[in-house]
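Q: With the hints as a guide, bring the two chains together.
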Amino acid sequence: MSETKPIWIARDFSRCSGCRRCEIVCSIHHEKKIWPDASRVRIYMLVPGAEIPHLCTQCEDPPCVDSCPVSALSISEKTGAILVDNEKCTSCRNCIEACQGRIPFLHPESRKAVICDLCDGDPQCVKVCQEGRWGALWTTSEKPMGNEDFNKKLYARKPEEMVKDFVTLLYGEKGEEFV
Amino acid sequence: MRGYAGKFLEIDLETEKIKTVSFEDEILRTYLGGRGLGTKILWDRLGSKWETIDPLGSENILLAMTGPLTGYYPGGRICITGKSPQSNGIVGSTIAGEFGIELRCAGWDGIIITGSASEPSYLSIIDSEIELKKADHIWGKEGKETFKILVKEGREELFNKKSEYGEWKNPAILYIGPAAENKSRMAVVSGKWTHAAGYGGYGGVMGSKNLKAIVAKGSGPLPEVSDADKTFDLLDKACKDLMDNDAFRRWGTGYIGYDCGARTSSEPIRNWQEEWHDERSFGADRFEQRVWIKRYWGDFGCQTTCYKIAMCKTGPFKGAIDDNPDYELQAYLGPNLGLYTPEEAVYTSSRMDDLGICGIQGGNVLGFAGELYQRGILSKDDLDGIDLKWGDAKAFGDLAEKIAHREGIGDVLAEGTYRAALKLGEMKGTDLTKYVVHGKAIGCGAHGIRSHLDFPTDIAYACSVQGGDHTSVAALPLDHGNSELNTLLHDSGVYCWFNVFSIRDGLLWEFLEAVTGWGITEEEWYSRLAPSVIHIQRAVLLLGGPDIKWSPLEDDENPDRFYEPLPSGPNKGDKIDIATFKDMRKEYFETVGWDERGIPKSEVLKSLGLDDVDKALREKLN
Numbered sequence: 003m004s005e006t007k008p009i010w011i012a013r014d015f016s017r018c019s020g021c022r023r024c025e026i027v028c029s030i031h032h033e034k035k036i037w038p039d040a041s042r043v044r045i046y047m048l049v050p051g052a053e054i055p056h057l058c059t060q061c062e063d064p065p066c067v068d069s070c071p072v073s074a075l076s077i078s079e080k081t082g083a084i085l086v087d088n089e090k091c092t093s094c095r096n097c098i099e100a101c102q103g104r105i106p107f108l109h110p111e112s113r114k115a116v117i118c119d120l121c122d123g124d125p126q127c128v129k130v131c132q133e134g135r136w137g138a139l140w141t142t143s144e145k146p147m148g149n150e151d152f153n154k155k156l157y158a159r160k161p162e163e164m165v166k167d168f169v170t171l172l173y174g175e176k177g178e179e180f181v
Numbered sequence: 128m129r130g131y132a133g134k135f136l137e138i139d140l141e142t143e144k145i146k147t148v149s150f151e152d153e154i155l156r157t158y159l160g161g162r163g164l165g166t167k168i169l170w171d172r173l174g175s176k177w178e179t180i181d182p183l184g185s186e187n188i189l190l191a192m193t194g195p196l197t198g199y200y201p202g203g204r205i206c207i208t209g210k211s212p213q214s215n216g217i218v219g220s221t222i223a224g225e226f227g228i229e230l231r232c233a234g235w236d237g238i239i240i241t242g243s244a245s246e247p248s249y250l251s252i253i254d255s256e257i258e259l260k261k262a263d264h265i266w267g268k269e270g271k272e273t274f275k276i277l278v279k280e281g282r283e284e285l286f287n288k289k290s291e292y293g294e295w296k297n298p299a300i301l302y303i304g305p306a307a308e309n310k311s312r313m314a315v316v317s318g319k320w321t322h323a324a325g326y327g328g329y330g331g332v333m334g335s336k337n338l339k340a341i342v343a344k345g346s347g348p349l350p351e352v353s354d355a356d357k358t359f360d361l362l363d364k365a366c367k368d369l370m371d372n373d374a375f376r377r378w379g380t381g382y383i384g385y386d387c388g389a390r391t392s393s394e395p396i397r398n399w400q401e402e403w404h405d406e407r408s409f410g411a412d413r414f415e416q417r418v419w420i421k422r423y424w425g426d427f428g429c430q431t432t433c434y435k436i437a438m439c440k441t442g443p444f445k446g447a448i449d450d451n452p453d454y455e456l457q458a459y460l461g462p463n464l465g466l467y468t469p470e471e472a473v474y475t476s477s478r479m480d481d482l483g484i485c486g487i488q489g490g491n492v493l494g495f496a497g498e499l500y501q502r503g504i505l506s507k508d509d510l511d512g513i514d515l516k517w518g519d520a521k522a523f524g525d526l527a528e529k530i531a532h533r534e535g536i537g538d539v540l541a542e543g544t545y546r547a548a549l550k551l552g553e554m555k556g557t558d559l560t561k562y563v564v565h566g567k568a569i570g571c572g573a574h575g576i577r578s579h580l581d582f583p584t585d586i587a588y589a590c591s592v593q594g595g596d597h598t599s600v601a602a603l604p605l606d607h608g609n610s611e612l613n614t615l616l617h618d619s620g621v622y623c624w625f626n627v628f629s630i631r632d633g634l635l636w637e638f639l640e641a642v643t644g645w646g647i648t649e650e651e652w653y654s655r656l657a658p659s660v661i662h663i664q665r666a667v668l669l670l671g672g673p674d675i676k677w678s679p680l681e682d683d684e685n686p687d688r689f690y691e692p693l694p695s696g697p698n699k700g701d702k703i704d705i706a707t708f709k710d711m712r713k714e715y716f717e718t719v720g721w722d723e724r725g726i727p728k729s730e731v732l733k734s735l736g737l738d739d740v741d742k743a744l745r746e747k748l749n
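These protein sequence lines map, in sequence, to chains A and B. Residue 181, in the working numbering, is where the first sequence stops; the numbers in between run on with no holes. Residue 749, in the working numbering, is where the second sequence stops; the numbers in between run on with no holes.
If we strip away everything but chain B, and leave its shape as in the complex, we get (with noise of 0.2 Å):
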């Protein structure tokens, strides 16, 4: 076995009891690492009582999953995943950072998590010590305070157990804020200030399970590779390649701000009321002259250092420090909120990564609440009295604190969109879900597909394993390299998928041979290891619960929204027609290997050996 340490590490809080678990190699091949191998543990785990766990009880698991070429390929990364208390099924959420890096050359490929902890914990890993310490000094913190709290402890434990060596460097850490405290399924496991797990909605898992932070450090090398010579050059090669990407360099995911509006008709706009804007004020340029006060940022290995520092150091929100922020946050606290500033982008984008709040379900939720509140379905007493007006920043960052809190109204928003809709729904009589722009209660990410511009299709979020995931789409062809099938390698490996646009051809699938030694090739992964992990996850997606279960056909649909004609710009009238949308939901369970409604076809589990499942889809989905 090349590229592992060998050895992943089990903590259960209740008990406090620690194990070393290890894997076969033909279960680490298939399944690799991250998303892949997370999905088969929480199979092999849950998968005969799915329906019953609770995401947010004590017997839902929560894994952080390095993969082989974590601190390898440029852009470490770290997937968390678990029981999802946003869609009821399996998200693979990754989060950059070296939290991945020190965990590998601490002796670890992964964190298995169970039970609850009885009081507020932090997991303290340094080399083959592990410790659960107590976290009531730091529980309510928000993230910053958290992080600062955590290195000084980190720093200090070090020093003590470890003097003789010199200094240490700061150990690295994964953390919730409030939102998780307050279990909010929207809450995000976060890294450094600005760094975020967010889809999945895996803070609240960390929460419920009252474990506020795992720290890291790790002092040895990463773990051995098939072929070392061939790793580095092939590392050097990329490298030399990723900086063809110059744009992307320069503005990270930022440039899409006035892109996705003005050229795309993609981004939302007044909760996906509109997808255009031609707001010159939110360019790229702007963010880069007003409020980047780092021009290139990034984690472990990155050579693109998409991420820029941003901070407001004059006006209203003085002291506003944020990530890029990337397109996502950019869009989905910007003009979905009215918002067409720099400044107030950095503010509500910093707002949600203190309070632990995903910038994109926040963002949604926001979304939503602002236009019930147009349409006079909210009131101000409904809020609190709040005037959430579009274009109002301080409003939302004040519904947002609400939220992370669980006071008023924030306690129902805490569910997320599609749960609050159903909620709201009932308190006022009427269905609200038509303004829900999701899939499977995943806010859908800040890319529409109603102009048909945009990297996603028509059937990119309905029938995604990961719902509204933007990162992992359903696409055709299924070697596509935004198709979830590919997207899973980057999740599995585990690195970022923002190190491989500009790569030549092939490097990849000889970088994951060159430390692995496995002969894994292309055509193997789509054929059988991509499929492998995809049809567990459609499974767990659709025996769901225990508090929605979602319906084949009738759930895999997009957003009642798509299927309205853009109102303005150069895409006027664009929509998804439901008769194209529907054959190509159909050509897509074909290609993929389900049946007219979904369901992963005996014959292809069958092949691939998860006799298990295909046992539990006859008997529990008729």
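Bound-form chain A, shown alone (with noise of 0.2 Å):
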């Protein structure tokens, strides 16, 4: 494979089909098992139709990184993923606070922070969403007008906050009504 550039993972709602498909495969590359919980990204479902894809979104100068106090937390130079060091990792919760959507978690048994890592650059969930036909998860590299990574924490937000925004576009006015 030839050197590997830095990627992002593009997300739009909209096109989420709930199948979960990507928690599926996440867990399998990262846990050897099918384990939800586990799962780097992971869908958020609090109003039916409205499923988030929530995962980590690469910030440009990323407090979570920042925030730990062991440097457990690495920026990839290969990929641009945010990378944990188990061996350091202290379960001290500060990178969950620290970012702004509450993306990073714990492990429910290592208990070590866990972030998306890109899979080394070739994200799984992104695979089976393109190879359903669903893309609502896409790789991108462009950066067609200045600093996009400027933009990428806009991302950064916590489900309900998502879906809040989400369910309006999605069933208009009634959409108040399920949050």
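Everything labelled a hint here was simulated from the structure, so no lab data went into it. Treat each hint with caution, since some may be false.
To be verified - Listed next, the stretches of chain A that the computed footprint assigns to chain B, with coverage defined by at least 3 CB atoms under 8 Å from CB atoms of chain B:
no., segment
1, 22-35
2, 83-90
3, 128-141
4, 167-180
To be verified - For the chain A half of the interface with chain B, some residues (derived, Cβ under 8 Å), not all of them:
no., residue
5, 50
6, 51
7, 104
8, 106
Glycine included, each C-beta is placed from N, C-alpha and C at the ideal position.
A: What follows is the structure in structure tokens.
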């Protein structure tokens, strides 16, 4: 395989089918098991139909990395992913609190921080989402207009906040009744 | 044991006692899970007194069962079962969603619920923490409101108990609506907004137990399998194969609303008075382009994503939301009521979902009432002023509301079409059962048999152990894809039947082997395992009671309507020929191992180790 460029997983909630194939392949890849709550991408369904794939947004100035007191988090030069050093992680939860979207979480068994590592440049979630032609997730490396990284952080939002916007897009004013 | 968490949660709602139940490998290997294992549990616990058990009484047992393939095979489901308030037998009724996955990740293969709670309650399962909570605040609420409150409470509870882990996803929820609270025999167990375990009437059972909902969240992985690499490889293959079924992905069952009417003449129209229409206003394209706001919608691991989300954004039904609606609801709550626009079908379907009435059984009873009104048997007075004319969506929606709340005529209709016909017939002094299209008091699925162009055959409903259930039909050969001995595998597995249509030959059996490692072959399934379940289901169907008991042969019949010739369309004149039907029934009984009256033969039962079933049948069925 040729040298991997930094990538980003772009996302379109309106195309998410809620099939959770992403959770399945992510946990198979990382855990060798089907383990939805250990998946680096997690589908929130607070309102049926308004499924939200919740995963790291790779902020340009990742507050999670800065917040780590033991430098367990780093940015991969190869892919741009936030990498967690499980040996160093003390389960202090600073990264969760530092992230405006509360996207990192502790692994239900090891209790170490879990953050999307982009599968070292070949994200499995994207693969199945594309294979199924849903197209809610795809990878991109383009920077057509200046520093696109700057906008990625906008996607770091709590599930409730995201759902609140999305239900209105999906269900119109009726959507407001559901959250 | 591989593919199982290894334990089942049992709760007695009366004493609130909780225990852990497990089954020996041999039992699990024979009955797998879901419908199969549920049937076994019900027989072992209630078999000796089956005919005395009131399905809506506290003695009935409600089961929510996963199977070894739940979460592994594409399309997660869970099977709800118990003694059915519709057939008085056992119906395995599956519902899509993440509930089975959450349950298994919490360390449980299923839930066994006995007794009745003294007040409205809901069951909360967070891994090994089990709690029975008060449900006064949600009792009486319709589907979407119930769901919303439970998601909020579930998330709060997870945050309170496990905040150190960060954010938790929403728990999975099974719940009931007003119809079930009022013990309608047509009430469903609901999931999300639009999913339902309909056939069997287990919402009513849940309501009779004062159980509004079950909320589950598990944080562990799915149970270990026998060969993980093989399982994941087969999963990948299955998903790739399923992509070939493009039309089904694109339209779900939604394309049949036009197809079953125009092409196969097998769609219920005005209570099955006709089965043909060429109304293009009801085509898949109209649904797709007018009301589908989400084109692909699925549940855990589903590659097919045949659900769609439909919503009326303008017009008189603005705000109505439903999935697809899938073909069954499209038909039963569309042409069956004289309705031919997507918007009307979305509206009537959404009312059923919110009220917690089965779209099939509810559509069946609404059509029945419509025909009685058309014939002047039911008057506007009888209907509390509703002018129940074909094609009036609002009128049918209003009647559904009365059914859910058992108001006026709704109290009789809430019993389901067959029982309502008996009662109304008594009141009107005439036989009304001839207008009921059912098998063993279960309204037939929206696939007519008169034209012989749709998948169910002459004997499909008459000889099925699940009566009118179109997902469990009698068919020959016994290993045919439509045969209930085959769909039993999906109902016991437990996963979605709609994720097997385009997979390569043999994959399913390899998958079962990779997960369980039990060496179950196709041959053994059809000769020994599936028959064990089917025979028990047949036995309890014949034992029946307490209110209705089916007579062998006499009740193994088609509804009268199927012997009337189709009045319109290219298949005009087609009907079921009674002599042909009887020959087919005879052949079916013989093939499956039943005697000429359809009673499982002694030697067959004994060869399967079902001696107690044999004994009960000989003692009780003379």
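Q: Compare the structure with each hint and give your call.
A: Now the hints, each set against the structure:
1. Check result for the segment 22-35 of chain A against chain B: holds, 8 residues qualifying (beta carbon to beta carbon below 8 Å, three or more required).
2. With 0 residues having a Cβ less than 8 Å from any Cβ of chain B, the segment 83-90 of chain A misses the three-residue criterion, and the hint is violated.
3. Against chain B, the segment 128-141 of chain A contributes 5 residues with a C-beta closer than 8 Å to a partner C-beta. That satisfies the three-residue criterion, and the hint holds.
4. Residues of the segment 167-180 of chain A with a Cβ under 8 Å from some Cβ of chain B number 6, which satisfies the need for three, so the listed coverage holds.
5. Taking 8 Å as the C-beta cut-off, the interface hint given for residue 50 of chain A holds, the closest approach to chain B being about 4 Å.
6. Annotation: interface hint on residue 51 of chain A holds; nearest CB of chain B at approximately 5 Å, less than 8 Å.
7. Below 8 Å, beta-carbon pairs count as interface contacts, and residue 104 of chain A has one with chain B at about 5 Å; its hint therefore holds.
8. Residue-level restraint check for residue 106 of chain A holds (minimum Cβ-Cβ distance to chain B is 6 Å; threshold 8 Å).
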